[in-house]
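Start from the sequences, fold in the hints, and give me the full structure.
Line by line, the protein sequences are chains A and B. Its first residue numbered 1, the first sequence is counted upward by one per residue in the numbering used here. Its first residue numbered 1, the second sequence is counted upward by one per residue in the numbering used here.
Bear in mind the hints are in silico, worked out from the structure with no lab data behind them. A few of these clues could be false.
Mimicking SDA-like on lysine to any residue, the simulated pairs with C-alpha atoms at most 25 Å apart in a straight line are [what the hints assert, rightly or not]:
1) B:Lys254 x A:Gly223
2) B:Lys188 x A:Gln128
3) B:Lys285 x A:Lys213
4) B:Lys186 x A:Gly223
5) A:Lys213 x B:Arg78
6) B:Lys188 x A:Leu115
7) B:Lys285 x A:Leu115
8) B:Lys287 x B:Val419
9) B:Lys254 x A:Thr48
10) B:Lys416 x A:Ala54
11) A:Lys52 x B:Lys237
12) B:Lys416 x A:Lys213
13) A:Lys52 x B:Arg428
14) B:Lys220 x A:Gln33
15) A:Lys213 x B:Thr81
16) A:Lys52 x B:Pro77
17) B:Lys186 x A:Ala124
18) A:Lys213 x B:Pro77
19) B:Lys188 x A:Val110
20) B:Lys416 x B:Arg210
21) A:Lys52 x B:Leu409
22) B:Lys319 x B:Gln82
23) A:Lys52 x B:Thr81
24) A:Lys52 x B:Lys416
25) B:Lys186 x A:Val122
26) B:Lys287 x A:Asp119
27) B:Lys319 x A:Ile32
28) B:Lys254 x A:Leu115
29) A:Lys213 x B:Lys254
30) B:Lys126 x B:Asp370
31) B:Lys188 x A:Gln114
32) B:Lys254 x A:Asn141
33) B:Lys285 x B:Gln82
34) B:Lys188 x A:Gln33
35) B:Lys254 x A:Ala107
36) B:Lys188 x A:Gly133
37) B:Lys237 x A:Asn141
38) A:Lys52 x A:Ile220
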Amino acid sequence: MFLLPWLIGFFGLTLGPALVSLYLSFTNFDLIQSPEWTGMANYVRIATADPKFAAAMSVTLTYVVLSVPFKLAFALLVAIALNRGINGLTLYRAIFYLPSLLGGSVAIAVLWRQLFAGDGLVNAALSQFGIEGPSWISHPNYSIYTLVALSVWQFGSPMIIFLAGLRQIPTDMYEAASLDGASKFRQFYKITLPLLTPVIFFNAVVQTIDAFKAFTPAFIISGGTGGPINSTLFYTLYLYQEAFGNFRMGYASALAWILVVIIAIFTAFSFLTSRYWVHYDD
Amino acid sequence: MTPRVSRRNFVAGGAALLSLGALGAGNALAQDSRLRVLWWGSQARADRTNKVSQLYQTKNAGTSINGEFLGWGDYWPRLATQVAGRNAPDVIQMDYRYIVEYARRGALAPLEAYVPAKLKVDDFDKSQIEGGSVDGHLYGISLGANAAATVLNASAFEECGVDLPTQATTWEEFARMGAEITKAGKRKGMYGLADGSVNEPLFENWLRQRGKALYTVEGKIAFDLDDATAWFDMWAKFRQAGVCVPPDVQALDKNDIETNTVSIGRSAASFAHSNQFVGYQAINKDKLSLTNHMRIEAASKGGHYRKPSMFFSISAQSKAVDQAVAYIDFFVKNPQAIEILGVERGIPESAAMREVVAAKLDPQGKIALDYVAGLGDLVGKLPPPPPAGAGEAELALRSIGEQVGFEQLSPADGGKALVDEIARIVGRG
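Put into structure tokens, the structure is as follows:
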């Protein structure tokens, strides 16, 4: 009885639409006329006759592969620095967490556009050193990296989790190690990292899934086009274009299910390999 | 842009819903007198539209009108989902680009039966009425006419000592002017022209002067490899000569007034539509002016056309088609309504209403009106409504044009890619 609201939400808002979209992925549905069953046609087109699918997939994989490791490394570094017991820790925690809270917001994406545009702050700073930078966000060779930078900057939520993880490591281990003459560096590699692997694992999985689903920054920065030249055509952005721009909801549903499968494969792979590098004590 | 509903309408809508609930949904009278109107546009447009709706309500007791508006980008997803959810508004603002798409899918109500008794559009320009027709049925009533135009930063031209182009100016001469402005270097980072290679209306204008078009009446591609290659080639030369902005500056333009290269101070000339002039001048400190697209040769003509800037259509699902028709008729033919609306949606199609509006225009509105009225031999026939897939084709021009701009493709390869891609898109239907 008490589960009822949750159950209604789950079936009505999650499972129901998911099943409908699975059905739609086998149809030709233009949002207006009734869906028309076409079997595997959508999936066949994705696999054989859709260059934009390949482009979107490659942009997204680049983004995942670059943004997740950098973001985690950065988050860990800041967490370690904050863990040193400095004064006003809570204040710093809040400040560093702030970008994550604002992260998905349109305002930040707009701000990013301003920073990296041709006459933005970044180029203004570069020009102090006599360097004339391109318009980073609108040059196909660089635009994706500005989005990676935006993602790394939003390191707050993995950082907070790292911080909690660091707090769990018993201090007497470090004391024993330093008595044995181990350097700080060695302590990090032999104690901190191994004991932190469950947290790293958790963060990596969550951040990877998030990165696959990234949408807002690319949507805002490219004005919904994924340009210039598809260089910011994130998978979800392409899906959105197909569904609502080109009235191919059936095709977009098929794209969505392929994304589900890819994320599932990545996650399963992480879990399978985790037994070799994640250490759970006791 | 985020969806915006004026608070008053939101409250009114809620109140109407509540009263409906109280009366019971079966009460046909209460349902019929409630009209939903959806449009895209700015706050200024919303204010004007809501004023007209209020005026209509005071003249038609018992009718309540719920207006709702969004930005262009959010508008089409919203409309598509509402139509799919059998919850479409009664009166829908429709664009020339999408009217075929919606009409062929049966989402719009045919209106020819209401002409001329209920929809008194007899003094409309004939071709503008045809513009709202698809497969012999009338699906949209034009709310105004506009035309593609070149926006000039007159102050910048003057500073550089370059005369403004005239109706006789050719592309060759315009390119020379652009190069001069770039070379003068009066303002940091300012070039002569925007890079127009990715601008579809401009490309269409250029094609029409060559005797071609974007699409045939049957909705097939109407230009070939030579045209597309020559187009990209012209712009590649412009880029090399410093006539127009580099590609990474052009790519900042998201196809709206705020990010246009003239608005961000990176070019002295760029390409837009006449009814946007009011908006351009509003956000530019310099004095702007409006002129036609250049001639490809001194004798070439017919590139421009008077385009229905937007339509009002009625949903095929509407239960109040008669009321919706009456509302639209009021919107385009009532002098008081026209005075409120001005030329913000383009110049009124009705000859009588044009006279009403001309008497009361602000300077920017006057410039736009004079521009469209004075195009002379540059005006040709209205092309047929673009086929389904036209929106996708426009993105293709943009993407391929950028590849040529960033020199990932030669103009010849770009031309081939463009023809292939557009043929594929409109062929799929």
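Quick rundown of the hints versus the structure:
1. B:Lys254 x A:Gly223: Roughly 6 Å between the alpha carbons, so the hint for Lys254 (chain B) and Gly223 (chain A) holds.
2. B:Lys188 x A:Gln128: Holds, at roughly 16 Å.
3. B:Lys285 x A:Lys213: violated (41 Å)
4. B:Lys186 x A:Gly223: Cα-Cα ~30 Å, so violated.
5. A:Lys213 x B:Arg78: Distance ~21 Å between Lys213 (chain A) and Arg78 (chain B) Cα, so the pair holds.
6. B:Lys188 x A:Leu115: Holds, at about 18 Å.
7. B:Lys285 x A:Leu115: Between Lys285 (chain B) and Leu115 (chain A) the Cα gap is close to 23 Å, so the pair holds against 25 Å.
8. B:Lys287 x B:Val419: Given that 25 Å is the threshold and the Cα spacing comes to 39 Å, the pair is violated.
9. B:Lys254 x A:Thr48: Roughly 31 Å separates the two Cα atoms, so the pair is violated.
10. B:Lys416 x A:Ala54: holds (21 Å)
11. A:Lys52 x B:Lys237: Distance of about 29 Å is beyond 25 Å: violated.
12. B:Lys416 x A:Lys213: violated (34 Å)
13. A:Lys52 x B:Arg428: holds (16 Å)
14. B:Lys220 x A:Gln33: Between Lys220 (chain B) and Gln33 (chain A) the Cα gap is close to 23 Å, so the pair holds against 25 Å.
15. A:Lys213 x B:Thr81: holds (22 Å)
16. A:Lys52 x B:Pro77: Roughly 21 Å between the alpha carbons, so the hint for Lys52 (chain A) and Pro77 (chain B) holds.
17. B:Lys186 x A:Ala124: Holds, at about 20 Å.
18. A:Lys213 x B:Pro77: Status holds; Cα separation ~19 Å.
19. B:Lys188 x A:Val110: holds (24 Å)
20. B:Lys416 x B:Arg210: Holds, at about 18 Å.
21. A:Lys52 x B:Leu409: holds (17 Å)
22. B:Lys319 x B:Gln82: holds (15 Å)
23. A:Lys52 x B:Thr81: holds (24 Å)
24. A:Lys52 x B:Lys416: holds (18 Å)
25. B:Lys186 x A:Val122: holds (24 Å)
26. B:Lys287 x A:Asp119: Roughly 23 Å between the alpha carbons, so the hint for Lys287 (chain B) and Asp119 (chain A) holds.
27. B:Lys319 x A:Ile32: Between Lys319 (chain B) and Ile32 (chain A) the Cα gap is close to 17 Å, so the pair holds against 25 Å.
28. B:Lys254 x A:Leu115: holds (17 Å)
29. A:Lys213 x B:Lys254: Roughly 23 Å separates the two Cα atoms, so the pair holds.
30. B:Lys126 x B:Asp370: holds (21 Å)
31. B:Lys188 x A:Gln114: holds (18 Å)
32. B:Lys254 x A:Asn141: holds (18 Å)
33. B:Lys285 x B:Gln82: Roughly 40 Å between the alpha carbons, so the hint for Lys285 (chain B) and Gln82 (chain B) is violated.
34. B:Lys188 x A:Gln33: Violated, at roughly 53 Å.
35. B:Lys254 x A:Ala107: holds (17 Å)
36. B:Lys188 x A:Gly133: holds (15 Å)
37. B:Lys237 x A:Asn141: Holds. Lys237 (chain B) to Asn141 (chain A) sits at ~23 Å (cutoff 25 Å).
38. A:Lys52 x A:Ile220: holds (20 Å)
When held up to the earlier numbered hints, the structure conflicts with 3, 4, 8, 9, 11, 12, 33 and 34 and fits the remainder.
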